[in-house]
Structure formats: C-alpha cells, structure tokens
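Colleague: What follows is each chain in one-letter form.
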Amino acid sequence: MNPEERWEQLERIGAYAAGELGGEEAREVERLVLESEDHQQLAQFYARMITLLSVMGEESPEAPEAVVSYAIRRAYISAFLQQTEDLLLGVGRSYLGALTYYLGLRAGQ
Amino acid sequence: MTFEDSTLATRASRGDVEAFTQLVRKHSNLVYRIALRILGPEDAKDASQEVWVRVWRSMGSFRLESAFSTWLYRITVNTCLSARRREMGQEAHQAPALSESIPYLQEPPGGEGDPEAAALGRERMDEAIRGLRQIRSDHRAALVLRHMEGLSYPEIAEILEVPEGTAKGWVSRGRAGLLVVLSRGEEAGSERHPTASTERGEP
Chain A
1 MNPEERWEQL
11 ERIGAYAAGE
21 LGGEEAREVE
31 RLVLESEDHQ
41 QLAQFYARMI
51 TLLSVMGEES
61 PEAPEAVVSY
71 AIRRAYISAF
81 LQQTEDLLLG
91 VGRSYLGALT
101 YYLGLRAGQ
Chain B
110 MTFEDSTLAT
120 RASRGDVEAF
130 TQLVRKHSNL
140 VYRIALRILG
150 PEDAKDASQE
160 VWVRVWRSMG
170 SFRLESAFST
180 WLYRITVNTC
190 LSARRREMGQ
200 EAHQAPALSE
210 SIPYLQEPPG
220 GEGDPEAAAL
230 GRERMDEAIR
240 GLRQIRSDHR
250 AALVLRHMEG
260 LSYPEIAEIL
270 EVPEGTAKGW
280 VSRGRAGLLV
290 VLSRGEEAGS
300 ERHPTASTER
310 GEP
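Here the protein sequences line up with chains A and B, keeping their order.
Just so you know, the first sequence maps onto residues 1 to 109 in our numbering.
Just so you know, the second sequence maps onto residues 110 to 312 in our numbering.
Quick caveat, the hints were computed from the structure, so don't treat them as lab data.
Any given hint could turn out to be false.
Stated by the list, open to error - Coverage of chain B stretches by chain A, computed from C-beta distances (three or more under 8 Å per stretch; other residues unrestricted):
1) 119 to 130
2) 136 to 142
3) 149 to 160
4) 243 to 257
5) 285 to 292
Stated by the list, open to error - To give an idea of the interface, some chain A residues facing chain B are shown, with a C-beta separation under 7 Å as derived from the structure:
6) E11
7) I50
8) S54
9) R74
Said to hold, decoys possible - If you want the ones that stay clear, here's a sample from chain A, every Cβ over 12 Å from chain B, calculated:
10) G14
11) R27
12) V91
Every residue gets a Cβ at the ideal spot worked out from N, C-alpha and C, and that includes glycine.
Model the full assembly from the supplied sequences, consistent with the hints where possible.
Modeller: Structure, rendered in structure tokens:
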C-alpha cells in the first residue's frame with residue numbers, strides 16, 4: 001500500500017470513529033476494522049482522541065478583562081473621533097454656507 | 110440569531126457603542142476560546158483584541174441574513190489564520206508528511222482503565238493542545254470548529270467560506286494529522302520508558 005492509500009485509510013477510519021460514515025461506506029470500514037487488530041487499535045485511538053477534544057471543548061476559558069476593556073475603549077475612542085469629525089465637518093459646512101451667502105455667491109440668489 | 114443579538118448588532122452597526130459593548134461582553138469568551146485553541150495562549154490575547162477591532166470596523170457591513178455568531182466566528186478564525194500566516198510564512202511543512210506510516214500503537218492514548226477518566230487527564234489535554242499546534246492551521250481551525258465547538262459541516266463551511274466538501278476534507282486531514290502527531294508523542298514517551306514499548310507492524 002502506498003503512502004497516499006495508507007493516509008486515505010487513516011482518514012476513513014477517523015471518519016468512522018467520529019460516526020460520520022453511513023451505509024455501505026460505514027460497513028466497509030467496519031469490516032476493515034474488524035479484520036485487523038491494528039485497525040481496531042487505530043479506531044480506538046481515534047475515538048479517545050475525539051472524546052478528549054470534545055471534553056476540552058466543554059472547557060470555556062474566560063477572556064481576560066484586558067481584552068474586553070481594550071475592545072470597548074477602542075470603540076468609544078473611534079466613535080468619539082467619528083462624532084468630532086462629523087461635528088467639525090458640519091460646522092465647517094455651515095460656515096462655508098454662511099460665507100457663500102454673505103458674498104452673494106449662492107446660485108439663484 | 111437571537112433577537113437580542115440581532116437588535117444589538119443592528120444598533121452597533123449604526124455606531125451605537127453601548128450596543129457594541131454588550132456584544133463584546135456577551136461574546137468575548139467565544140472569541141478568546143477560539144483564538145486560544147487555534148493560536149495557543151501566547152497569541153490568543155492579542156488576536157482577540159484584533160478581532161474586536163475588526164468587528165467594530167466591519168459592523169457597518171454586517172448583514173442580518175447570517176447569524177451574528179457565525180459572522181463573529183468567521184472574523185475570529187480569519188484573524189487567527191492571518192496571524193498564523195504572518196508568523197509562519199509558508200507553513201506547508203507543518204502538515205505531517207503523506208509518507209508518514211499509519212500509526213500503530215500498543216496502547217491508545219488515554220491510558221489504562223476508564224477511558225472517560227483517562228480522557229479527562231490534564232496531561233492528555235496539554236499533549237493535545239501541543240499536538241494541535243503542529244498541524245496545518247486551516248486543518249486545525251476546521252478540527253477545532255468540528256470537535257471542540259461541535260459545529261456542523263454546513264456551519265463550518267460557512268465560517269471558513271469554503272465548500273462543504275472542503276470543510277469535511279480539512280476536518281478529516283486535521284484529525285488524521287493530530288493522530289499522527291500524538292502517536293509520535295506516544296512513541297517518544299515509550300522510548301523514554303522502555304517498559305511501555307510500542308511495537309508497530311506494517312499494514
């Protein structure tokens with residue numbers, strides 16, 4: 001068996017151990033597993049590894065407060081800068097409008 | 110998407126910082142958890158901060174068609190994968206080589222006795238965390254989403270923005286890669302402790 005075929009077999013036994021195969025495909029891998037003790041051990045190895053991953057998945061580490069406060073601080077600063085920019089643009093636009101009006105440059109005046 | 114998330118996301122997309130703050134407080138553990146699993150403890154904090162900066166910046170482009178959590182998963186995974194790429198450059202060497210023989214182990218990981226109790230062993234978890242870091246990062250991300258986050262293949266495909274078949278392939282390769290990496294650890298362990306020898310046969 002060449003390395004690609006061996007790797008493919010390894011993946012199929014993994015999918016079987018994860019319960020992701022159905023029908024004929026599952027039966028085929030089941031036969032493969034039952035035929036060889038090595039394959040049985042491999043399937044067991046996979047099953048334990050998957051159990052381990054799911055147990056690890058149940059742990060939910062809390063995000064450090066520094067991360068939360070940094071994100072919130074950044075958003076407040078960003079919003080403040082945006083509002084300041086909007087305000088300055090608004091004021092500038094109003095002044096420009098007033099100047100245009102004062103100089104009689106507004107179209108249709 | 111929950112009604113609460115949808116309301117908060119809509120408000121945040123209009124620049125409401127208070128709504129964004131509530132989203133951060135509600136989902137910061139999810140972001141940190143994913144970053145921790147994909148990148149490890151050293152980089153998880155920085156990546157989480159970057160995720161929230163990107164989320165705030167992209168809030169305006171968030172569309173209510175997809176769930177907020179799916180969108181957040183996507184930004185988190187992309188940020189982590191980008192960080193990894195920056196760090197590693199080309200990472201093809203990370204994947205266990207195809208020529209690797211199928212591992213045949215005398216004892217599967219988890220040790221003797223009750224498999225549940227063995228699976229709960231801290232040492233095994235640390236080994237798995239180290240092992241995860243040795244497999245290709247896109248495979249790792251898919252594996253984390255499937256077996257640690259418990260997501261379905263359609264959800265994983267949506268988050269990783271790849272076809273479902275590709276998502277399945279990445280999970281499968283990640284699973285096999287992790288198994289190979291862990292079996293190497295087993296072998297190294299048995300070399301250190303000759304009494305627990307691992308005889309490997311050929312298929």
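Colleague: Evaluate each hint against the coordinates.
Modeller: A quick look at each hint next to the structure:
1. 119 to 130: holds (count 4)
2. 136 to 142: holds (count 5)
3. 149 to 160: With 3 residues closer than 8 Å to chain A, the stretch 149 to 160 of chain B meets the three-residue bar; holds.
4. 243 to 257: Three-residue rule met by the stretch 243 to 257 of chain B, so holds; n is 3.
5. 285 to 292: holds (count 6)
6. E11: holds (5 Å)
7. I50: holds (6 Å)
8. S54: Given a least distance of 6 Å, the restraint on S54 (chain A) holds.
9. R74: holds (6 Å)
10. G14: Contrary to the label, G14 (chain A) does not stay out of reach of chain B, its closest Cβ about 4 Å off (not over 12 Å).
11. R27: Non-interface label on R27 (chain A) holds, nearest chain B Cβ at 19 Å vs cutoff 12 Å.
12. V91: Consistent with the label, V91 (chain A) stays out of reach of chain B, its closest Cβ about 19 Å off (over 12 Å).
Checked against the numbered hints listed earlier, the structure breaks hint 10 alone; every other hint is satisfied.
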